[in-house]
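Let the hints inform the model, and build the full structure from the sequences given.
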Amino acid sequence: MVGLSLSLLLVVVGLAWRALDDPYVATPGGSAAPTARPGQAALALADLEAAIERGDAAAAAALAPSGDADAADRLRDVVENADDLGLEGVTLRYVDQDGGTDPTGAWRAVVDVTWQIAGFDPAPARSEVLFALRNVTEPTGDRVAVTAAGVAGGRAPLWLSDDLRVRRTDSRVVAVAGSQRDLARYDRLARRALPVVREVLPEVERRLVVEVPRTAAGLDAALDADEGTYADIAAVTTSPDGEVREAGPLHVLVNPSEMGRLKQVGAQVVMSHEAAHALSDAPMSRAPLWLVEGFADYVALRDVDLPDTEVAAQLAEQVQENGLPDDLPGPAELGVGAPYLGASYEAAWLAARELARAGGEDALVELYRSVGAGDLDAALRDVVGLSRDELVERWRDAMRSLAEQADAA
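Heads up: the sequence shown is residues 55 to 463, going by my numbering.
Hints in this document: simulated from the structure, not taken from any laboratory.
For glycine and all other residues, C-beta sits at the position ideal for the given N, C-alpha and C.
Don't take each hint at face value.
Subject to a maximum C-alpha distance of 20 angstroms in a straight line, what follows is the list of computed SDA-like cross-link-like pairs (lysine to any residue) [to be verified]:
#1 Lys317 to Asp236
#2 Lys317 to Asp362
#3 Lys317 to Ala238
#4 Lys317 to Gly396
#5 Lys317 to Gln368
#6 Lys317 to Ser233
#7 Lys317 to Arg245
#8 Lys317 to Thr194
#9 Lys317 to Val290
#10 Lys317 to Val365
Simulated restraints on C-beta separations [said to hold, decoys possible]:
#11 Gly143 to Ala123: 27 to 35 angstroms
#12 Val319 to Ser441: 29 to 37 angstroms
#13 Asp461 to Tyr394: 12 to 20 angstroms
#14 Arg442 to Asp124: 54 to 62 angstroms
Dropping the structure here:
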């Protein structure tokens, strides 16, 4: 649905203001049921938008129902999050009611939201977000109060849905729905990831944004995915509104459950991998997925002092049990929820490393940037000096050697 501007909405509803904002309508059985008040909801959202723009947390809290301290705190958090992140261009436009209105006058609204981290996001993000509202009657009159933003059931940007700890520098923004200790850990990982990426891609212009929800379910909500979809994924790089596009915003979103169980080296490899994706615009790449993922792992693992048998332990085990694969991993092997996903990522890394060994690191970078859909064979020959069949042969030889090393260990 396309959101209406506030001015247009007020014109549309102005003639029917009393009917729309009447808290009750008669039912066929003669009883009365609360009804939504879109006009007053639009005004409440406009007031919240203005409070965010001014950085006025008290004004935002006043939009909660009287006596609802939890709702007031949530609205203060929204303003403080926006201020800490350095958001600009925040707009909140009422679109439609979502579902019915309960006997207390509580209801949900679909709200068109735009936002942008100033200096980091090259363009605004835009998403339809669910807000929890309530019709209230107070001594000053009837109004619609805001009880929560980014509620379950739709995409929930982290700055709208939780209390954040934020660290913002010239090179990175890290936002964590957790403790100061959590923030320090993830900021350290992000800070160390930047020189890792720039060692291979010194001219990258993007700066890094990392968001860490409170739980794995929070990651699913931030990505508008069914709960459990990303339970086994440590992190993902995507647009904060789910619309990946040229010159659009890209953020790293972390699964704290998976990252929390990793040791320091493993967590750093994950963050450096995702930073390589974010800073190189990987979600927009037309390169084969094995090259996109293999390149990011090549960057992340390039200077890690670990033996191949540890870096690619799952791949070595798969080769020992099932033999050598015939071809490079495809989207089915590298997709969320795929069996043996870890081994497939290691296989992609090994292919990228063989490209670097065959043509040099500069050739790998050039190939990653230049190859488009259907152009891999020509790019391999022109940039690296290999045919696809020759690459696959080298890659299979490397896997055979890896499995033999693991067997001898």
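How the hints compare with the structure:
1. Lys317 to Asp236: Distance of about 14 angstroms is within 20 angstroms: holds.
2. Lys317 to Asp362: 18 angstroms, holds
3. Lys317 to Ala238: 15 angstroms, holds
4. Lys317 to Gly396: Since the Cα atoms of Lys317 and Gly396 sit roughly 16 angstroms apart, the hinted pair holds (cutoff 20 angstroms).
5. Lys317 to Gln368: Measuring from Cα to Cα gives roughly 17 angstroms; hence the hint holds.
6. Lys317 to Ser233: 19 angstroms, holds
7. Lys317 to Arg245: 17 angstroms, holds
8. Lys317 to Thr194: Violated - the C-alpha atoms of Thr194 and Lys317 are around 56 angstroms apart, more than 20 angstroms.
9. Lys317 to Val290: 18 angstroms, holds
10. Lys317 to Val365: At roughly 14 angstroms apart (the allowed maximum being 20 angstroms), Val365 and Lys317 satisfy the hint.
11. Gly143 to Ala123: 27 to 35 angstroms: 30 angstroms, holds
12. Val319 to Ser441: 29 to 37 angstroms: Once the Cβ atoms are compared, 36 angstroms apart, the range 29 to 37 angstroms for Ser441 and Val319 holds.
13. Asp461 to Tyr394: 12 to 20 angstroms: At roughly 19 angstroms between Cβ atoms, Tyr394 and Asp461 fall inside 12 to 20 angstroms, so the hint holds.
14. Arg442 to Asp124: 54 to 62 angstroms: 59 angstroms, holds
Checked against the numbered hints given earlier, the structure breaks only hint 8 and satisfies all the rest.
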